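First to last, the protein sequences are chains A and B.
If you use our numbering, the first sequence corresponds to residues 1 to 244, in order.
If you use our numbering, the second sequence corresponds to residues 1001 to 1244, in order.
Calculated directly from the structure, the hints in this document are not laboratory data.
What you are looking at is a predicted structure, and each value in this text was computed from that prediction instead of being measured.
Don't be surprised by glycine CBs; every beta carbon is placed ideally from N, CA and C.
A portion of the hints provided could be inaccurate.
What the hints assert, rightly or not - Derived Cβ-Cβ restraints for the label pairs, each shown as a range: (1) A/E228 x B/V1144: 40 to 46 angstroms; (2) B/S1059 x A/L240: 15 to 21 angstroms; (3) B/E1004 x A/D126: 28 to 34 angstroms; (4) B/L1063 x A/V144: 54 to 60 angstroms; (5) A/V144 x B/S1118: 46 to 52 angstroms; (6) B/Q1031 x A/S118: 29 to 35 angstroms; (7) A/N5 x B/I1225: 58 to 64 angstroms; (8) A/D14 x B/Q1031: 24 to 30 angstroms; (9) B/K1060 x A/D32: 54 to 60 angstroms.
Chain by chain, the residues:
2 protein chains.
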Amino acid sequence: MGLENIPNIKEGDDLAKIIVEAAGKQNFKLQDRDVVVVTQKIVSKAEGRVVELDSVKPSKLALRVARRARKDPRHIETILRETVEILKMRDAHLIVETKHGFVCANAGVDRSNVVGGSKAVLLPLDPDRSAQLIRDGIKALAEVDVAVIVSDTFGRPWRIGQTNVAIGIAGMKPIKDYRGQKDMFGYMLRVSLIAVADELASAAELVMNKFDRVPVAVVRGYSYIEGEGTVREILRPKELDLFR
Amino acid sequence: MGLENIPNIKEGDDLAKIIVEAAGKQNFKLQDRDVVVVTQKIVSKAEGRVVELDSVKPSKLALRVARRARKDPRHIETILRETVEILKMRDAHLIVETKHGFVCANAGVDRSNVVGGSKAVLLPLDPDRSAQLIRDGIKALAEVDVAVIVSDTFGRPWRIGQTNVAIGIAGMKPIKDYRGQKDMFGYMLRVSLIAVADELASAAELVMNKFDRVPVAVVRGYSYIEGEGTVREILRPKELDLFR
């Protein structure tokens, strides 16, 4: 269920309150064990993770990269400031590891050109905490115990097209563990760990039309494993990654 | 909606008929524009893509790889026979490109130990065609026009855990294209192509408990773009892949 009626988000907005009110407006009552998926962009805007590009002084590296990639050097600079390691820098592509440990294009930094100057929207500083605050807020306001996923749209190697994945988690375990188990035919399961948080984020994307105002979706009926949960459980340590 | 009541599938079984009957048994009526997601394993079994490991003579390479990986050399041999290119071969990990162009672990070959000898279940020869046959069969039997996705569970770099992706498609376009468009705030969309077929496969996985008999799920209400569609649209050409 996509939540419509979410207004344009400004710094300081209370997302939990806005989500509960938006649900109310479409007569949708949040329930215990719902999974509320919130897109990164509104979380970042509410948390003030927006940089005026006019205020950014690009480094020499940013200037060189921008020239080759034909991009705005101030935009490149904001990306590099969010980066701890560059995996690939080729043509207009910049695949990096962010401070959080996410591997994605452009450190997840969105560029916007709005009236009043160009801006860059950065990822939340601590998306698990962002998810937890929304979860706590919904509990306080609506007296329901939901899981919250902050989602973003990432590309991936081998396959064309992006999918939504989880970048912050609260109230659920992100992985379902089938290790060492057999299916009903006695087959040893090749599948061992399912990243259900990413699958929930992907499912939610299907109802989030990017042109309408649907930055929040609720998944009902999925029997997740309750628990603290953190997105770090889905991030593969560099040493265990065959492609780093 | 997961479809229960799917029996153990044998070579030659008519999956369309089995799906329509299973839906009927739980009073679920398939509708036009439903997306029917079918797991690879039952498709492969219905198509007889099962190899008795006793009949497999491993090559010298398979014997060496198996010794290092502590795996059954006949299993390794079945994987190598499905492979066109090895991306990574390290310890027990074998990440390859399959004949279809999928990049995945073990060429998607499942190992099973059932009464009567060990078997390997291979991917369908042409999963788009498998999807098309199921779609045509459902249309003939139930007079509804559905899209069909054959799904499998793949790992990915950077992130722990596997997710379901599409390996065969019929009746829908696998990608939603946002290129060159702006959202309602005038933001240029960083997101350009969404791999909705993979997101639908992921959504379906959430109702497919691997221990129960739920190898088929139906997604209702998603407004996909009708069309021929093929999984090849989601496979990134090697030359355009930053990580090959």
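Enumerated hints in conflict with the structure, sorted upward: Failing hints, ascending: 2, 3, 6, 7 and 8.
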